[in-house]
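Order-wise, the sequence lines are chains A and B. Residues 37 to 587 in the numbering used here are what the first sequence spells out, letter by letter. Residues 37 to 587 in the numbering used here are what the second sequence spells out, letter by letter.
It should be emphasised that the hints constitute simulated quantities derived from the structure, not laboratory data. Only a predicted model underlies this, so the values are computations on that prediction, with no experimental measurement involved. It is possible that some hints are incorrect.
The list treats identical chains as interchangeable, and a pair is accepted whether it falls inside one copy or across any two copies.
[To be verified] The calculated SDA-like cross-link candidates involving lysine to any residue, where the alpha carbons are at most 20 Å apart (straight line), are:
(1) Lys-387 to Glu-51
(2) Lys-387 to Met-234
(3) Lys-76 to Pro-337
(4) Lys-76 to Glu-336
(5) Lys-347 to Asn-380
(6) Lys-161 to Phe-122
(7) Lys-98 to Glu-466
(8) Lys-408 to Asn-393
(9) Lys-347 to Glu-51
(10) Lys-387 to Phe-447
(11) Lys-76 to Asn-380
(12) Lys-139 to Arg-297
(13) Lys-284 to Asp-249
(14) Lys-347 to Gly-357
Number of protein chains: 2
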Amino acid sequence: MANSIRIVPLGGLGEIGKNMMAIEYGDDMVVIDSGVMFPKEDMLGVDLVLPDTTFLLENRRKLRAILITHGHEDHIGALPFVLRDFNVPVYAPPLAYNLITIKMREHHAGRDIDLREVEAGDVVKCGAIRAEFVRLNHSIPDACGIALFTPGGTVFHTGDFKFDYTPVHGLPADFHRLGELGRQGVLLLLSDSTYAEMPGFTPSESVVGQALDRAIGDAPGRVLVTTFASLIARVQQVIDAAVKHNRKVAIAGRGMIDNVRMSLAKGYIKAPDGTVVDLKRLDDLPDHQKVIITTGSQGEPTSVLVRIANKGHREIAIRNGDTVIISATTIPGNETVVSRTIDNLYRQGAKVLHARNAFVHVHGHASQEELKLMLNLIQPRYFVPVHGEYRMLVAHSDLARAVGIPDENIFVLEDGDVLRVGRDGAGREERVPAGHIYVDGMQTFDTRSLVLRDRRALARDGIVVVVVPVDHATGELAGRPQVVSSGFVEANEAADMATRIESLVERAVNDGVERSEEWSYTASRVREAVTTYLQGETGLRPMIIAVPLEV
Amino acid sequence: MANSIRIVPLGGLGEIGKNMMAIEYGDDMVVIDSGVMFPKEDMLGVDLVLPDTTFLLENRRKLRAILITHGHEDHIGALPFVLRDFNVPVYAPPLAYNLITIKMREHHAGRDIDLREVEAGDVVKCGAIRAEFVRLNHSIPDACGIALFTPGGTVFHTGDFKFDYTPVHGLPADFHRLGELGRQGVLLLLSDSTYAEMPGFTPSESVVGQALDRAIGDAPGRVLVTTFASLIARVQQVIDAAVKHNRKVAIAGRGMIDNVRMSLAKGYIKAPDGTVVDLKRLDDLPDHQKVIITTGSQGEPTSVLVRIANKGHREIAIRNGDTVIISATTIPGNETVVSRTIDNLYRQGAKVLHARNAFVHVHGHASQEELKLMLNLIQPRYFVPVHGEYRMLVAHSDLARAVGIPDENIFVLEDGDVLRVGRDGAGREERVPAGHIYVDGMQTFDTRSLVLRDRRALARDGIVVVVVPVDHATGELAGRPQVVSSGFVEANEAADMATRIESLVERAVNDGVERSEEWSYTASRVREAVTTYLQGETGLRPMIIAVPLEV
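In isolation and in its complexed conformation, chain A is listed as follows:
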């Protein structure tokens, strides 16, 4: 296809998180967002998940810029890792710019990167591609969509968005510019699908303000509020309610302290002098004049709220009369820990307001009517739903079909799928690598690694290690085998089985000598014999490792 554009999703399509999308026209390529995913339960011990950048490395000479839509971790969190390999300009709206600056400093990697601040309305040149940032709304200030103008046509990527007619921060989405883009003709729309299953309109952030105001006004004693550290509008609303009800506000938890400090300095949060005070300063006040804003809305084990719930916080302990407000959605996968946190707060006598019993949160993504409005404003020829699990992408396609986009112009892509779009048609091309890169401590490994598979096996039934002393000359058993186990059964029961294992090992090794076989054969017969025995004895299949020790 002459003059066509290549769309390469590297994260966020088919699975939520680590958003990253490469868009290429001729010899020029831009990347939109570079986020992390928080590990799921079966990614045992993993700290973070990054997008695979193999495709970008293979096409590095084309890469002109990384364009950031907004400052959430699932859109900026991978930058410290990705920028080790690429030295291209990163364009980001103001708040994202500030959050990236903090993040790079934490990674001691700030000096060499070429980070540039852009405002909604700015246009940046990336080779033959011109990128314009268009103001939208989301649960963090300064969220933008990005229009890419190429000689092959225009692509509009919404980033994460909702339409908020009465936002707490900044202005409503730039409807004029969206309409103008639509009228001029958009070849392809890439639009946020996170809430494509939700009927209706997402309520305005302002609506939560009223509920928070009432909850804080009615509270007989202290109020603890937890929300996402990046949900700055929510923090503003809590501060507003505190001021109105004559309370002081203290912040607890490093992520929250950093974000509030930066937001106050940059004017994202406004508070009368003396409203936001140190935690220590609250001691001098009666309980009904205190508000504490903390981290921990997702039940993170080291967060302030969870430590309070577990009676493990040095400065804050729940007492009767406390009101805890959990002003956040529970991210799928965190239900159990959040639930446990709420229970523990109740056990200590707090009243807890949360999504199930109070209206203390709205989310930041467009529901079905907003998604249809976006489709109507942009009126694209082609449509690709982005950001969502597969079923959400399908739900979003159904909406596109409902507003009149022909079925053959809708493409449900997953990470690694490649789509070519041009004025004379669109079609899929060969897939590219787009798996997970797991970060664990200072290590990384990818989906082919056996590390996670082994951890899952260890987690299930534990491990039994059999150390086999062998004579280096004859290969015969040169002493008593040693059996060690962990996470298998109670120690005394394991000890009872050790003697029997020793004799199984002895037989396997002697058989091996007779056959003059290599150790690897003997080892696998040892494993088999021990596995069969232990399964019969316990019903379990621990990992069995046989270690020869030549003496």
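Assemble the complex: chain A is given as a structure, and chain B must be docked to it using the hints.
What follows is chain B alone, placed relative to chain A:
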């Protein structure tokens, strides 16, 4: 307190599942229900969780009977284990009786137990306690509450319940008897709190029938329905819709096949001859005449639906035009796997109807208005909310307060708490043991066991085993230490670190010889040195085991 009653919750209060409650009057004690809990994510490798029966063992001479409210696993699942220790009559309503019979047969334990079938309205004598079964509604037929008449007063335990004015099976709750009990005077009400946070009334099971009928009528091709195997009313409604729309029904999945077979035999499910057929028989029919009912609503890895979703089922593969109906709530903790199953079904071209996009399920527990109705019917002097996480028990207490029960007569108990209630007052007594008993294969262990702690450590960063050959006479190193790891880092990186570990071990052992210390001291210095080194190198803290091998 003279003539008082002791209430001892052993499961289900403060945490959902493994319901079991001991109620004692003088020298007579009954146990209501004996259920299992399904393991939570952090109970690695565990198959089932049982209630702790230490208290029952200590009071075995008082135990007169086990009374079963209904046939769900979290109320009957522990019987095969508990009945090993106690030889008392078990009274159960008809369906529970049949399900227990099947269960005991599976455990090859049916012969010696004294299982007795009771109908709603029946009264059984348990020493000085008389127990009456009272008809209620739930998501399984034959659910009963139990009234215990003692010389000290009457206790009413609701079991799990809802009020259904138009049930699919059987009759609505016995409002007359509930009102009569209330008028005669109930000392203590123990009432189901599972949905105490939910405003309003729980819809009738009949309502789902209409939605299922429409979904099955509208489906262009095959319909696969998954629900709980015990939700027999739902299976009936699917069969009714299938008959109406001229489809045949096949059952897949052992649990579902067993329950449907028994329900057809006992008359719980009614179907015209030839409606329910073998899976193979469906091959001869066009797709729009097929319905398949399967297990897998909770994303269980070995269930039929999950194997279909993962393209791993031998007989059934999804094709375009298929409709899958997930007619169940997702039990907390299963969200991720259920979500993954839905995504995989969509990927293969199915349309999926589930709780988020269609009205294909109602749950079986009373919402707030029903709970208030129960409180108004029974009008107890004392109230203890049962069955629920702590916050649900608190929510239920709030309802009791709202309908006029004095605060000091409401007791939020957790498992192991003991309450004494009598005509002249009520108060807490010393706690009794009520932890988890974990079943893993043929093994059991309790909360004090280190098995789970070790599995969690193994799951996080893996394990490094250091085998140290030592001279049995001198204690000196007698060869090269061997280092083996699993679930730690990639094999090649582990190999790179092994040499450095060997020299660390060598130094620690030599130091130990100089100090002529015991091996346990040397071992702990080996672990420390290796831990520090590996953490510096990788940021990880694997489990380190040092094994001496005397040669």
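How the hints compare with the structure:
no.	hint	result
1	Lys-387 to Glu-51	between (35 Å within a copy, 18 Å between copies)
2	Lys-387 to Met-234	between (29 Å within a copy, 17 Å between copies)
3	Lys-76 to Pro-337	both (15 Å within a copy, 16 Å between copies)
4	Lys-76 to Glu-336	both (13 Å within a copy, 17 Å between copies)
5	Lys-347 to Asn-380	within (9 Å within a copy, 42 Å between copies)
6	Lys-161 to Phe-122	within (18 Å within a copy, 80 Å between copies)
7	Lys-98 to Glu-466	within (19 Å within a copy, 73 Å between copies)
8	Lys-408 to Asn-393	between (30 Å within a copy, 17 Å between copies)
9	Lys-347 to Glu-51	between (36 Å within a copy, 19 Å between copies)
10	Lys-387 to Phe-447	between (48 Å within a copy, 17 Å between copies)
11	Lys-76 to Asn-380	between (24 Å within a copy, 17 Å between copies)
12	Lys-139 to Arg-297	within (15 Å within a copy, 61 Å between copies)
13	Lys-284 to Asp-249	within (14 Å within a copy, 57 Å between copies)
14	Lys-347 to Gly-357	within (17 Å within a copy, 54 Å between copies)
The structure fails none of the hints (numbered hints given earlier).
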